[in-house]
Amino acid sequence: MKTILLSTAVLAFSATFALAESHAQTVRLGTEGAYPPYNFLNDDGEVDGYEREIGDELCKRAELTCEWVTNEWDSIIPNLTSGNYDAIIAGMSITAEREEVIDFTQNYIPPASSSYAALSEDADITGGVIAAQTGTIQAGHVAQSGATLLEFATYDDTIAAVTSGEADAVFADKDALIPTVEASSGEMVFTGEDVQLGGGIGIGLRKSDTELKDKFDAAITSMKADGTINAAIVKWFGPDAVVYE
Amino acid sequence: MFEYCVDPPSLEGLAWLSCYLTTGKHMAFYSAFGTVLLLLAITAPAALAFGFGGAMAARTRIAPLRWLGKGYIAVVRGVPDIAFFLFFVIALDQGLEYLRHKVKCPDWQEPIRQGSDFIVCQAAKIPLGNSPQWVHEVYGFSLAVLTFAIVFGAFAANVLYGAMRAVPRGQIETAEAYGMTPRQTFWRITVPQMWVFALPGLSNLWMVLIKATPLLFLLGVEDIVYWARDLGSAKTPRFTEYPHGDWRIYYFLVLLVFYLAFTRVSEVVLDRLMARLTRGQATTAGEAQRKTA
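Protein chains in written order, with this note's numbering: chain A, 1 to 245; chain B, 1 to 293.
Simulated from the structure, these hints should not be mistaken for laboratory data. Ideal Cβ positions, reconstructed from N, Cα and C, are used throughout, including at glycine. One should not assume that every hint holds.
Stated by the list, open to error - Partner residues are not named here, just some residues of chain B that face chain A (Cβ under 8 Å, in silico):
#1 Gly24
#2 Val89
#3 Ile90
#4 Gln94
#5 Gln114
#6 Asp117
#7 Phe118
#8 Ala234
#9 Phe239
#10 Glu241
What the hints assert, rightly or not - Derived lysine-lysine pairs resembling DSSO-like cross-links, with alpha carbons at most 30 Å apart:
#11 B/Lys125 <-> A/Lys60
#12 A/Lys213 <-> A/Lys235
#13 A/Lys215 <-> B/Lys104
#14 B/Lys102 <-> A/Lys207
#15 B/Lys102 <-> A/Lys213
#16 A/Lys235 <-> A/Lys60
#17 A/Lys215 <-> B/Lys125
#18 A/Lys60 <-> B/Lys102
#19 B/Lys125 <-> B/Lys104
#20 A/Lys235 <-> A/Lys215
To be verified - Residues of chain B clear of chain A, computed beta-carbon distances all greater than 12 Å:
#21 Asp107
#22 Gly280
#23 Glu287
Next up, chain B with everything else stripped away, as it sits in the complex (with noise of 0.2 Å):
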């Protein structure tokens, strides 16, 4: 990267420092981190979505979609994360191939399973075999968003679920007094309410799903704990410029401090927003609060 990292064995001290910290397998090791923020930052709102979707699923008085919510949240949170990381996302990969090969090669003679082979033709392959390498990166980083979505809108389903019936039933009842349907008293009464119930068990949720990014790797994204390794392992100075010794420990602290702090910021901001969500409301906490006002 600078101009005197030409001779790397010549170099020593901190020269050899800034040239050994921006290598490109560095480099990749920092995006490494974008990666693991970015998946975050779209996986958190997809499984609340799906958390959503689910505990109202699960409390609806139209029987098969109940039982569709109530199954889910059970199947998906009994089922452990690795096993569903491995099996459904394999599953789903060859679930949509197998969808776009009926409908682009009807022609097609050969059995689509070969032993342990899985064939689909040229053309209904999902990222199509010619694609460039990115488009597999971006690929496979969707499935594992989608992956992580549904493992933890499970869980988030079942938080919800206890948190829309934790809102005090005075409050339903004035609802339903005032005549509004219950299309109205769930919007209006019991979703503003819940969310101070529900954010405890979120928050813990927020924490663990933070914790569980390294599993992006068993998805064949490249995460940060894959390059730490990758990274820290001792190098020998005939396969690299800048050889060392078993470097891992200081790699792995490294990552230690980045997940301490993250989710030290996240536990700030989080106490915030429990504040800022209790006000007002008919709970010890909110009691407490309007008195101090």
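So here's chain A without its partners, still in its complex pose (with noise of 0.2 Å):
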């Protein structure tokens, strides 16, 4: 029993020390790895899509080393401000109520529609219940139109509320309903009115962090000018997708 205690401790503290003498930068990406196509794991389960690409390119014109870990939705802010990782890029939409918290850089993405999706159109949006993904901007909005707000961990987890009929219809992100919309070959559809909401997608970043939100902002400006970003907008989104000017 000594002897295992002892490696528990041990394993935790030499595990810290180690690497104590090297000082390069490392920044750790957060994510959340379940919005697909912003942020997935693909079938190797390593972190994949448009944030992928996008934070990769980033750190290379940043002259960052990067490391992706990924973190569960709820509490992904919490860990940003107690240092876990060193940024959010996980499809977070800037907001006051966020701004009040974190910093944003400019967005990544423009700011971009939200919809709803339901198994039928005549779905009733304004007064019946609502999936969305807990601490979302979709969330906030059902939650001030009146229906019934119905919150889920995981973007997944709303979409199975709509098709075991827990939940009239889902409304989220429109990019991320695309190809969940086309993929049940008609069994879902869109309903109702696209909303505009947010100020586009942003890195969130610790209010401390005034150094590498400058990297990020400079680098995020270098891939707008050479169209880079308007690039993987197209292959990740569809060439229907609202790009930069």
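Take each chain as given, in its own frame, and dock them per the hints.
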């Protein structure tokens, strides 16, 4: 028992001191890994998607070594502020509420539409039960719209709630819903008007991390200027997606 | 993994399934079973150690130590697991970083708490910001083990405390009559005999611990439930070579079988242990054993 306890402690501590010598900065990028096409885990279990492509390119331009980590959406902001990773790249819209706690870079996806998807076009989106992911701008919108909000921890769960009949419709980023609706082969349809929410999607950073913010901002500006961002948006979200002018 | 897996959409039946079940993601799922077993293997003895220490402290004659032992049992048993997991782990992590910060960066001027940010110098981070991912994972896992050990240790302490008091008074009296010191009485008489009274309570704890492992995900450790949920959710063909509908029920069924099988094996082992511990004991079961032998 003693040796087990000892080795537990040794494991924890030797690991933390092992690399104390080198000082090259590694930036840890936190994402959810469950919101295609923004970010998801591919068949190999690695982070993939639009944000992976953008994030890797940003790190290259800002000359940073980056590492991807996944974290549950629910606790993604607290884990940033307590320093478990250095940036959030997880399809997070820039909102005034979030800006009270964290900082955002300029957006790397322009403000885009959110939509309702349901099993039939006449689903009651104003008075019915609407599924949305916890802590998203969409959930906030549903709560104000008068419909009954049903919150879920992941995007997948919100879709499952609609297909199982638990909710009348799901409200999410249109770009996330498009592949889901397409793959449902007619089972799910878009319904109601699209809604414009938020100020686009940006990288979330600790308020104290101004240096990192400047680096990312500069890199995003350069990627917008040479069209790399627009190319990536078209590649991941299709030719109809909103791009930068 | 297999050579014929190059073009999954063209495959069918068993070939497709064999490729699907051996993707990198599935491998991560399988290794998560190892993580859970490893966690149990380390946590169970660690929790028992905490429990033993807590029980000893709770019955000592030294008042401050006794208050500490009783306080530990009362506080940790009273706080909901999830609150404890979320609060304690972050507090512990930040406490360690704070101490290292004080040692490593004495001339740091800025405040450590800036609004909701917790900021220590780069050299004080645990693990260091530039350490590879596995270090972060090992650190998270160690925190998980420690937290589980403390939580379940408190319950174990209460079980052991009761078991120590359940040893027949006659046994202790005899030891005293032989001139044993309290220390000798404790180690030679009380401890060997208390297990038979402790085992039912401890086996309960073990079963609860097995089922509590999904709490791991709260601590950022990717456990079997996390992977089952991710793998089972509907997959659209654009983002995977292996599209499928909502298969979560099958994945959760696998987990159900795993947990049931595991608790069943535990039951069998615990029953045998109980029979072994009962041998020669002054209990009803011990007496029955003696008569049939």
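For each hint, the structure was consulted:
1. Gly24: Since chain A brings a Cβ to about 3 Å from B/Gly24, closer than 8 Å, the hint holds.
2. Val89: With a minimum Cβ separation of about 10 Å from chain A (threshold 8 Å), the hint on B/Val89 is violated.
3. Ile90: holds (6 Å)
4. Gln94: It holds, given that the least Cβ distance between B/Gln94 and chain A is near 7 Å, below 8 Å.
5. Gln114: holds (5 Å)
6. Asp117: holds (5 Å)
7. Phe118: holds (5 Å)
8. Ala234: holds (7 Å)
9. Phe239: holds (5 Å)
10. Glu241: holds (6 Å)
11. B/Lys125 <-> A/Lys60: Distance ~24 Å between B/Lys125 and A/Lys60 Cα, so the pair holds.
12. A/Lys213 <-> A/Lys235: Distance ~26 Å between A/Lys213 and A/Lys235 Cα, so the pair holds.
13. A/Lys215 <-> B/Lys104: Holds, at roughly 27 Å.
14. B/Lys102 <-> A/Lys207: holds (22 Å)
15. B/Lys102 <-> A/Lys213: holds (27 Å)
16. A/Lys235 <-> A/Lys60: At roughly 20 Å apart (the allowed maximum being 30 Å), A/Lys60 and A/Lys235 satisfy the hint.
17. A/Lys215 <-> B/Lys125: Measuring from Cα to Cα gives roughly 22 Å; hence the hint holds.
18. A/Lys60 <-> B/Lys102: With a Cα-Cα distance of about 34 Å, the restraint between A/Lys60 and B/Lys102 is violated, given a limit of 30 Å.
19. B/Lys125 <-> B/Lys104: Since the Cα atoms of B/Lys125 and B/Lys104 sit roughly 10 Å apart, the hinted pair holds (cutoff 30 Å).
20. A/Lys235 <-> A/Lys215: Holds, because 25 Å separates the two Cα atoms, which is no more than 30 Å.
21. Asp107: Since the minimum Cβ distance to chain A is about 17 Å, B/Asp107 lies beyond 12 Å and the statement holds.
22. Gly280: holds (24 Å)
23. Glu287: holds (31 Å)
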